[in-house]
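Quick mapping for you: the protein sequence lines, in order, are chains A and B. Just so you know, we're using my numbering here: the first sequence kicks off at 1419 and counts up by one. Just so you know, we're using my numbering here: the second sequence kicks off at 2 and counts up by one.
Treat the hints loosely; a few may be bogus.
[Said to hold, decoys possible] Some chain A residues near chain B, calculated using beta-carbon distances under 8 Å:
hint, residue
1, Asn1697
2, Asp1699
3, Glu1702
4, Ser1786
5, Asn1788
[Stated by the list, open to error] Computed list of lysine-lysine pairs in PhoX-like fashion (alpha-carbon distance at most 20 Å, straight line):
hint, chain 1, residue 1, chain 2, residue 2
6, A, Lys1614, A, Lys1652
7, A, Lys1878, B, Lys418
8, A, Lys1478, B, Lys98
9, A, Lys1889, B, Lys379
10, B, Lys298, B, Lys402
[What the hints assert, rightly or not] Now the in silico label distances, taken between C-beta atoms and shown as ranges:
hint, chain 1, residue 1, chain 2, residue 2, range
11, A, Arg1887, B, Gln372, 46 to 52 Å
12, A, Tyr1477, B, Ala162, 33 to 39 Å
13, A, Asp1466, B, Lys426, 47 to 53 Å
14, B, Gln222, A, Ser1855, 46 to 52 Å
15, A, Arg1712, B, Thr449, 53 to 59 Å
Rather than coming from a laboratory, the hints here were simulated on the basis of the structure. The beta carbon of each residue, even a glycine, is placed where N, CA and C say it ideally should be.
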Amino acid sequence: AVSLPFAVGQCGNQVGCRFWDLALREHAAVNKKGVYDEALSSFFRNVDTRSGDNGPDIYKGKICSLKARALLIDMEEGVVNEILQGPLRDVFDSKQLITDVSGSGNNWAVGHKIYGCQYRENIVEKLRKTAEHCDCLQCFFIIHSMGGGTGSGLGTFVLNLLEEEFPEVYRFVTSVYPSGEDDVITSPYNSVLAMKELNEHADCVLPIENESLFEIVNKIHQMINSGKLGSIVKQNSLVTSSAGSSKTLQEKPFDAMNNIVANLLLNLTSSARFEGSLNMDLNEISMNLVPFPRLHYLVSSLTPLYTLADVNVPSRRLDQMFSDAFSRDHQLIRADPKHSLYLACALLVRGNVQVSDLRRNIERLKPSLNFVSWNQEGWKTGLCSVPPVGHSHSLLALANNTCVKPTFIELKDRFMKLYKKKAHLHHYLQIDGMEQSCFSEAISSLSDLIEEYNELDATKGGPRIYPSRLKIAV
Amino acid sequence: MSIVTVQLGQCGNQIGHEVFSALCRDIRGTHGLCSKKENESYQDSCKERFFCEEESAVPVARAVLVDMEPKVISQTLSLAASSGHWRYSSHSHFCQKQGSGNNWANGYSVHGPRHKEAIMNLVQKEAEKCDRLGGFFTIMSMAGGTGSGLGAFVTQCLRDAFPSSFLLNHVIWPYGTGEVIVQNYNSVLTLSHLYRSSDALLVHENDAIHKICAQLMNIKQISFRDVNAVIAHQLGSMFQPTHTAAGGSGYSRNPLGDLMETLVPHPEFRMLGLRNIPQMPENSLPYSTFSWPGLIKHLRQMLIANAQMEEGIDWQVRPPHPGSSIPSTNKPLHFNTSIANLVILRGKDVHSVDLGCFQDPSLYTSWLTPQDAFNAWKTPRAFNKYEKCAALVSNSQFLLKPLDSIVAKAWNMFASKAYLHQYTKFGIQEEDFLDCFTTLEQVISSYTNL
């Protein structure tokens, strides 16, 4: 089953670029024989390029030329051009790109209303072409940021489009949320307008915060530079490292942070691509982690962040990996799940980990976590045999937890600060199709979402009420 | 008579593979401890039941493999082939690309009707290869989406297409603390539907088998493969050929029919549990000796105290005093009342075993006599290197508490309406859920009042 990533906007494409880089590395490590297999086909086509770029797809046999199943969309050319000139240039062809020159000016309305309208047909056509090459399309991934104009506005336009054109295909969105100190003044507007779309049209959203990524990067730097004997780290095991083998390559400023997000996506799809004793597909993630349609925001944490290269140092105890997954240091957004309410939790383990390890750790960690009354024992678990590059095992935890509420409340507050003064509003309202009601509806949607979380939080710690069972006449 | 096995979903296919491997290993083994003639008769009988010779170097399993995604079937086929001792037929599998997303409604309402023809064609082909079809054995988990939902649909189709064939469903109950968050919903939907179409449900609980792996098999890092191997051993001890009391000489020709006849006297009571003794790591076998009286005593106590294995049995539980005229409500709380029991003995000196303790009327519900309720099958041919081996297949209150627990958790979730939108979008409505809850509450009530 195929997953189709769409990168929209500058942030989305930078992350996307890292993703394809690491995906190729992962498959190269696993696929020693150079044979095009099911695992590869979930992200790549195999094209016979001997007669040029428009050659036919080859479904079996040796790998000829791998092409990413992707769409790269940006309203500026800079990032996409760089990708096309870099080491990944052969992985994409021009039919997968949609670009323009002037950008969206950090304006959601420009991205959503103007470019959306302008490029709609183009996007649909390219989407259909890409989908045609897939014998079974299971999931779309949108990778974007919320704070700007293209990723946020055009990205959510694409989300709507996907629902209209392919209603049965799941829509997963990886959204980078702006921080309070974001230098784009209008990022609260853009984010809240985008949130409404995510509320209504996404199946699952994985919110990411730059601060968390930054802290993880720092933690790793400290670890490497601490100079402790035995702290030599396997370079390729860093959750922040790129596939390029040379350490001397100057990595671009956001590369390390973007690699983390790329690793998230790789781990998320690993059990769908590779075999294991308890497979976990993307449609299962959506099924188990979304108890009510709008409560589909998942907190993710990744572990381990690195592996020590020194074989004399005993590898971290497996149980430590599980503990780390529930530590805030490993989360991709700042939040406090342990002091909030779990609605559902999924653990996707990779590598040489068995069901008894899973059970032992669930029993161990469960008492310190608060689960909602109607899902006291609900855990979704997956075991994938193939570990990520550089590791013997890894764990991705996805939590549907009310701890996202503060993030949304903060966003709402930042929005209201601007909105009350009508600051910069005219930049939006002057766009065709934008009205005051777009803003009021968006903030209302966010408020409703926050209220749903409030209601659930109110049940926390309360007495357990067991609904009376059906009575059978004897 | 031959049994066609239908392996459904990841769990069904993984277990199915272990079962055929165990059966094949057993008949190839030289530890039969019986006469050559007996051994040959046993091997022939097993092969007739489970394997087809075809024009193949190795026996071909009589099985249909079904899954909605390709990875597991692909692995299962190649694992079997690489064993060199048996294989699956190359044309007996059906798979799709997408999986069922742990969604029972998707498995039952979407995949079922969509793929009914293709799947039933494969079943028909396997059935036709049998000289005499003895019935169907389906293997599935009830926690996921394919085994559970598509499995329930296929079971119904089997019932419709083969109304006079026996149908035994092997159902795996998931770990209590989740493998799947919606597992209790999927379980309720599966069990209630199977109850309507199947002849009997044979249940294995992951939690119980896990304990066996940990405490009896001494496995440190228990994998699903380990769990499945124990399940396969237990199934083998039930399915391998035996002489039934009425069978005269020669091995029973109608295993599923015999099973149903002895264990399911009443359609309201279809839930079967399986126990096996002794269980230990293979390398401990040469150093262990067993006595039949000891094994039988333990097995009986496992029955009445509802123990899953021979360690940690509660010996305090006793049957109520005979001669007390007050019916079931007076039975001590932890006592496991039976409707019917089948004991299967394999190995050395089976003919001399005294099973009188299983014929105590106080073990059984008042509306059956032990003559009707208890049966024993035997064979001197040892199974899977165990010098002596006893299996108990029981239609009793074994599954009452676990069933009640699953229904309670599902009901708790249902009351909050959590996850319902995932089912309604594929056509399973709240009323459908209510029907299923009602069916199972009825089953719980019936078993409680034994």
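Okay, the hints, checked on the actual structure:
Interface restraint check: A:Asn1697 against chain B, minimum CB-CB distance 6 Å, threshold 8 Å, status holds. Checking A:Asp1699 against chain B by beta carbon gives a least distance of about 4 Å; that is within 8 Å, so the hint holds. Evaluation of the A:Glu1702 hint against chain B yields a held restraint, the C-beta minimum of about 5 Å falling below 8 Å. Restraint check, A:Ser1786 versus chain B: the minimum CB separation of about 15 Å is more than 8 Å; hint violated.
For A:Asn1788, the shortest C-beta to C-beta distance to chain B is roughly 15 Å, which exceeds 8 Å, and the interface hint is violated. Taking the CA atoms of A:Lys1614 and A:Lys1652, the gap is near 42 Å; set against the 20 Å cutoff, the hint is violated. For a cut-off of 20 Å, the pair hint linking A:Lys1878 to B:Lys418 stands: about 18 Å separates their Cα positions. Restraint check for A:Lys1478 and B:Lys98: satisfied, since their Cα atoms lie roughly 16 Å apart, inside the 20 Å limit.
Distance restraint check for A:Lys1889 and B:Lys379: the Cα-Cα separation of roughly 43 Å exceeds the 20 Å cut-off, and the hinted pair is therefore not satisfied. For the hint pairing B:Lys298 with B:Lys402, the CA-to-CA distance comes to about 24 Å; that exceeds 20 Å, so the pair is violated. Between A:Arg1887 and B:Gln372 the Cβ separation comes to about 37 Å, which falls outside the hinted range of 46 to 52 Å. The hint said 33 to 39 Å for the Cβ distance between A:Tyr1477 and B:Ala162, and at roughly 34 Å that hint holds.
Between A:Asp1466 and B:Lys426 the CB atoms are about 40 Å apart, so this pair departs from the stated range of 47 to 53 Å. Hint check: B:Gln222 to A:Ser1855, Cβ distance near 59 Å, so the stated range 46 to 52 Å is violated. For A:Arg1712 and B:Thr449, the hinted distance range of 53 to 59 Å is not satisfied, since their beta carbons lie about 41 Å from each other.
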